[in-house]
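Number of protein chains: 2
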Amino acid sequence: MAVIIPGLRLGLTTVRWLKSQAASTLAVNGRRFAAYEQIRLIHVARDKSNPANGTVPRRLPFSIVSQQDLDFFKQLLPGRTITDPDLLESSNVDWLKSVKGSSEVLLRPKSTEEVSQILRYCNERRLAVNPQGGNTGLVGGSVPVFDEIILSTALMNQVLAFDHVSGILTCQAGCVLENLSNYLEERDFIMPLDLGAKGSCHIGGNVATNAGGLRLLRYGSLRGTVLGLEAVLADGKVLNCLSTLRKDNTGYDLKQLFIGSEGTLGVITAVSILCPRKPQAVNVAFLGCSSFQQLLETFQCCRGMLGEILSAFEFLDSACMGLLEKHLKLANPITDSPFYILIETAGSNAAHDEEKLHNFLETVMMSSLVTDGTVATEESKIKALWAMRERVTEALTHDGYNYKYDISLPVEKIYQMVTDMRKHLGDKAKNVVGYGHVGDGNLHLNITSPTKDPALLAAIEPYVYEWTAACRGSISAEHGLGLKKKNYIYFSKPPEAVALMGNIKSMLDPRGILNPYKTLPDNLR
Amino acid sequence: MAVIIPGLRLGLTTVRWLKSQAASTLAVNGRRFAAYEQIRLIHVARDKSNPANGTVPRRLPFSIVSQQDLDFFKQLLPGRTITDPDLLESSNVDWLKSVKGSSEVLLRPKSTEEVSQILRYCNERRLAVNPQGGNTGLVGGSVPVFDEIILSTALMNQVLAFDHVSGILTCQAGCVLENLSNYLEERDFIMPLDLGAKGSCHIGGNVATNAGGLRLLRYGSLRGTVLGLEAVLADGKVLNCLSTLRKDNTGYDLKQLFIGSEGTLGVITAVSILCPRKPQAVNVAFLGCSSFQQLLETFQCCRGMLGEILSAFEFLDSACMGLLEKHLKLANPITDSPFYILIETAGSNAAHDEEKLHNFLETVMMSSLVTDGTVATEESKIKALWAMRERVTEALTHDGYNYKYDISLPVEKIYQMVTDMRKHLGDKAKNVVGYGHVGDGNLHLNITSPTKDPALLAAIEPYVYEWTAACRGSISAEHGLGLKKKNYIYFSKPPEAVALMGNIKSMLDPRGILNPYKTLPDNLR
Chain A
2 MAVIIPGLRL
12 GLTTVRWLKS
22 QAASTLAVNG
32 RRFAAYEQIR
42 LIHVARDKSN
52 PANGTVPRRL
62 PFSIVSQQDL
72 DFFKQLLPGR
82 TITDPDLLES
92 SNVDWLKSVK
102 GSSEVLLRPK
112 STEEVSQILR
122 YCNERRLAVN
132 PQGGNTGLVG
142 GSVPVFDEII
152 LSTALMNQVL
162 AFDHVSGILT
172 CQAGCVLENL
182 SNYLEERDFI
192 MPLDLGAKGS
202 CHIGGNVATN
212 AGGLRLLRYG
222 SLRGTVLGLE
232 AVLADGKVLN
242 CLSTLRKDNT
252 GYDLKQLFIG
262 SEGTLGVITA
272 VSILCPRKPQ
282 AVNVAFLGCS
292 SFQQLLETFQ
302 CCRGMLGEIL
312 SAFEFLDSAC
322 MGLLEKHLKL
332 ANPITDSPFY
342 ILIETAGSNA
352 AHDEEKLHNF
362 LETVMMSSLV
372 TDGTVATEES
382 KIKALWAMRE
392 RVTEALTHDG
402 YNYKYDISLP
412 VEKIYQMVTD
422 MRKHLGDKAK
432 NVVGYGHVGD
442 GNLHLNITSP
452 TKDPALLAAI
462 EPYVYEWTAA
472 CRGSISAEHG
482 LGLKKKNYIY
492 FSKPPEAVAL
502 MGNIKSMLDP
512 RGILNPYKTL
522 PDNLR
Chain B
2 MAVIIPGLRL
12 GLTTVRWLKS
22 QAASTLAVNG
32 RRFAAYEQIR
42 LIHVARDKSN
52 PANGTVPRRL
62 PFSIVSQQDL
72 DFFKQLLPGR
82 TITDPDLLES
92 SNVDWLKSVK
102 GSSEVLLRPK
112 STEEVSQILR
122 YCNERRLAVN
132 PQGGNTGLVG
142 GSVPVFDEII
152 LSTALMNQVL
162 AFDHVSGILT
172 CQAGCVLENL
182 SNYLEERDFI
192 MPLDLGAKGS
202 CHIGGNVATN
212 AGGLRLLRYG
222 SLRGTVLGLE
232 AVLADGKVLN
242 CLSTLRKDNT
252 GYDLKQLFIG
262 SEGTLGVITA
272 VSILCPRKPQ
282 AVNVAFLGCS
292 SFQQLLETFQ
302 CCRGMLGEIL
312 SAFEFLDSAC
322 MGLLEKHLKL
332 ANPITDSPFY
342 ILIETAGSNA
352 AHDEEKLHNF
362 LETVMMSSLV
372 TDGTVATEES
382 KIKALWAMRE
392 RVTEALTHDG
402 YNYKYDISLP
412 VEKIYQMVTD
422 MRKHLGDKAK
432 NVVGYGHVGD
442 GNLHLNITSP
452 TKDPALLAAI
462 EPYVYEWTAA
472 CRGSISAEHG
482 LGLKKKNYIY
492 FSKPPEAVAL
502 MGNIKSMLDP
512 RGILNPYKTL
522 PDNLR
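The listed protein sequences correspond, in order, to chains A and B. If you use this note's numbering, the first sequence corresponds to residues 2 to 526, in order. If you use this note's numbering, the second sequence corresponds to residues 2 to 526, in order.
When chains are identical, the list treats them as one kind, so a pair holds in a single copy or across two.
35 Å max Cα-Cα, derived DSBU-like pairs, lysine-lysine:
no.: 1; residue 1: Lys429; residue 2: Lys327
no.: 2; residue 1: Lys414; residue 2: Lys384
no.: 3; residue 1: Lys384; residue 2: Lys279
no.: 4; residue 1: Lys238; residue 2: Lys414
no.: 5; residue 1: Lys111; residue 2: Lys414
Calculated from the structure, these hints are not laboratory results. Being a predicted model, the structure only gives us computed values, none of them experimental.
The task is simple: from the sequences and hints, build the whole structure.
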């Protein structure tokens, strides 16, 4: 059952009123639901300096799914209109189990035409829709907040074309990233992006959230590698921008609107993407550094000496290593160090790459920038080293309640934030850890506590956002804003820009049915 | 004096009426102006299958610059409000001398604040504005069509910041590309783009037109390398998206709207751009092939063997070589061949790069894919080889009247278009030549005739666009649409997409003052 709060003017009184509503909802609907609801209340009401302060998410006056609506969907998608609460369970809750909606309908279209018919109908009926890919997002963007209809791309999983000359892949939005990677690998190509969630995430979701990941340093962002896309607009109109050309300057590049808009402007149904050749040689080095300054110097040296073959420069701190050892029983492959670096090279000539890597390692070991290290060239060992970086997120989930931040900063400042946060929180936190993509200036700051702790959250936010804004950083490097971060947008974007985003939303989705409560701050409504 | 035609409903009668207006203008304003005017009439009225057929550019009902307006501008920009017709001459006509406006005011702001004040004033007064960078565009996008005020970025030429750790350059929009290249070279970095027009073009114009150029194959498009920009909107509002972060997923990526919108949505005043390290080693090979099929096979082989160090794969045909020899007295550095390839490598290790290049050349010579070739490693010789590719445009201007097409196609089809066009035109054309960026699937098709020839144009268009559309190509790969190609947009974009572009234009520039008559087709008005 959904919490339905009629559209009210918001103010302090209203906020208090809504809080008591949530509390009474607790009694009616059981403990778990209310707990999720409270997280949301806390999240948006927390930050005093936020222009959106005082607004809490309330259910907007969308229609409620009726029996007649269900009849329509069942006729359109026989056997693919899911209403069984047990089957809906996993689609209503996010991967972190931090946000839970109460949708009663999950639709599983197979074609663009079906998506178009669904949206046309929902727009006319003013039914809210939550587009959902692999549901691996970390900011509550991929699940319903109230009773939005879940529109899953899971059955839109066909590769439509692959051109082995140009390396351009065209596929439906619901293809799982890892399946696409395997498909391409057999054809001697790779996907230009790779993420820890590759086994579940959908390419449509990757594009809709402008996912970054582990190969951005080398192959650039999806804004460059996505050559075309097809999206269905809120009114059901199909926008075919599914070009397969590297260059196309005929008018405004509309596809960019949908990349990174988190399903709020349209539902991506297909994409075409430029895929690099599979490298002939891959090497991974796992190194230890005694300070972050030495890590930075190693990065500078690495860019010069590995140049065009450098494909990843990742880091984790000793606290992350501790969690990997403790919770996942992974063994540290080198001696204990304050910082660890994972470097990957990918190139066309194994001998050249090995020589470059050897020269680089010799230089950084001789100059004591790096204190210990190991190198892998065979696939299983490469995977084992990558696990040290990729499984940090998983290790964290075993460490208690997680407060996750995904920050872009000038690269020389990324660890200062972790140090400052540790000092700032003192013994309020269980662990404060930092890892991420040094090559992209992207820090994943994670804070754990035994259980959810409002006092800890109050110490973290808005401190973390103020710190970021003071360095002209971004409060969301690659995770997006979703439900959890949308009201903090003003820490990274000026009001004129946010207002323009609101105008774009109104233009493309005048009834606001697409992924409501996400990405844009509440004060725009 | 400007041609002023009041806003009229368009139809066949109107078209005829406008044509006779243009003819009478001829008598008043002299031969040259009328000739330019006629080109415009022909260009837009030509294509029978174009949905915008029947519309011709007419002066929209903007205000006319009054003495009071001039007084305002002179007070705002003392000594930088140009009204002397001799000084305005070069800003009124494009580089190809194919489009000429009749603007009577050229404004040269130095700061974003001045641009903001100009636009706020023009928007209130409903005065049309033509933003102008280096005026090197090839589609008539950079000059006024009627009496639009020319807003030049020439004095906005300051580097604002350069971060030598990240390689991120922030500068005003009017910086000349070559000056930026020189600035960076001294700091061991390079610009991620390079064009033949680098000595004149402005970075703001490059970004506004999403310029492609010679390094796109390696460093990707400006959609990936431009990290931030500042733009002034039609109403004078300053939109500060001048981020210097590699990753930033906080809301919609507004800067993408301005990249490639040809000054129709806002005036770009500053950009930040990610610059690659200067390569340690550069090599250029100039090769001959006996067929285009062999050229394609050489390309495939090259991508495999040169991999990550390949930075350009360009081609020209023997007709281009003939023009270079005849008009510019450049000597062919190798034996005559039907096709010529220019390959550039850029890498971090000279010995490795030379070995890769040597292995590749041995393979393609042994297998007879390539019939002759020469390699340059020193800078002067590299420049001489690049001149064979870069100066084709210049050679063409000496060959008569030029009909220029800039087409994206699946790479295997790019030369078929030249062959088909030659057959199609027979002896109607003087020369039909093809050159361009094989690595990007981008053909520059050029057709020359002794003088302007309406019958020849009628034979070329819409044939060239229909041919492109049949291959799902783009009728403008990197040049943009400007004035000349805007009505052909439907050959590459579906009507829903074009309509959405119109909505975006209306949202950002409701009075339509920014670069009117450009990019969007006439039928959207």
